[in-house]
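Going down the list, the protein sequences come from chains D and Y. Going letter by letter, the first sequence gives residues 1 to 113 in the working numbering. Going letter by letter, the second sequence gives residues 1 to 115 in the working numbering.
No lab work stands behind these hints, which were simulated from the structure alone. Incorrect hints may appear among the rest.
[What the hints assert, rightly or not] Only pairs whose alpha carbons sit at most 25 Å apart, straight line, appear in this in silico DMTMM-like list of lysine to aspartate or glutamate:
no., chain 1, residue 1, chain 2, residue 2
1, Y, K103, D, E53
2, D, K70, Y, E44
3, D, K100, Y, D24
4, D, K56, Y, E102
5, D, K70, Y, E102
6, D, K100, Y, E72
7, D, K69, Y, E102
8, D, K100, Y, E68
9, Y, K103, D, D83
The structure presented is a predicted model; accordingly, all values stated were derived computationally and were not measured.
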Amino acid sequence: SQQGEEDPQALSIQEGENATMNCSYKTSINNLQWYRQNSGRGLVHLILIRSNEREKHSGRLRVTLDTSKKSSSLLITASRAADTASYFCATGPHAGNNRKLIWGLGTSLAVNP
Amino acid sequence: GAGVSQSPSNKVTEKGKDVELRCDPISGHTALYWYRQRLGQGLEFLIYFQGNSAPDKSGLPSDRFSAERTGESVSTLTIQRTQQEDSAVYLCASSLQTVMVEKLFFGSGTQLSVL
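Same shape as in the complex, but just chain D:
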C-alpha cells in the first residue's frame, strides 16, 4: 500500500462546517507537508510540520502530527466553497537520505454552498 495514505478518499460538507482529513505513513520522517490541488493541475503548498512539532496553525488550517501513530490530520475550519479541491500529504525525507517526497493519493473535498 502507499506511504502517506489519506483518508477519507472523498469528503462532502456544507459551507461553514469543518473538514478533517487524515494522513498515515509507514517509515520515519523528518517532516510532513500538506498541499492543495485545484482542478487537477498545479499543487499549492499549505503547511509543513516537522517531526519534533505536534501542532501547527495557519489561518483556518490546523495540522497535527502524531509520530507514535505515524499519522497527521489537516483541519479546515469554517469551510468555504473555494476550499473545494484535492488535498495531499507528502512525507520526507526517508531512510537512505532520499530526498524525494512520498505522496499520498489525496482526499477530494467538496464544500457545498
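Given the structure of chain D, go ahead and fit chain Y onto it with the hints provided.
Below, chain Y alone, put in the same frame as chain D:
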C-alpha cells in the same frame, strides 16, 4: 521568474510520436522534480535534479522517458514513441534545496493526451 513555468499547457499527440515538455523553475532553486499524475490519482515521482549532481532517475517508467537539466535552469522531459498509457498531467516542481526537503513550488502542469 515569479513562479514555475511549464509549457505547453496542453499537448495532444498521436501514438508513436515523440513529445518534449519544458519546465522553467524559480530562479535560484537548485532542486527540480518531475511528477506524473494520472486522472484521479496521486503524484508519481519520475526524476529529481539537484544542482550539478547526477540526477535521480529511479522513477522513470521506461527507457522511452528521459530528462535533462542544464545547471540550475530549464529542464526538459522527453517521451519517445508515446503510448496511450502516457496520457496524464506532467508536473514540474522546484525548491530551495537545504539539508532537508523543503516546500515545493509547482508549475501548472502539462496535460498530455496521446490518441
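Here's how the hints hold up against the structure:
no.	hint	verdict
1	Y:K103 <-> D:E53	16 Å, holds
2	D:K70 <-> Y:E44	22 Å, holds
3	D:K100 <-> Y:D24	20 Å, holds
4	D:K56 <-> Y:E102	16 Å, holds
5	D:K70 <-> Y:E102	20 Å, holds
6	D:K100 <-> Y:E72	18 Å, holds
7	D:K69 <-> Y:E102	23 Å, holds
8	D:K100 <-> Y:E68	18 Å, holds
9	Y:K103 <-> D:D83	20 Å, holds
Consistency note: the structure conflicts with none of the earlier hints.
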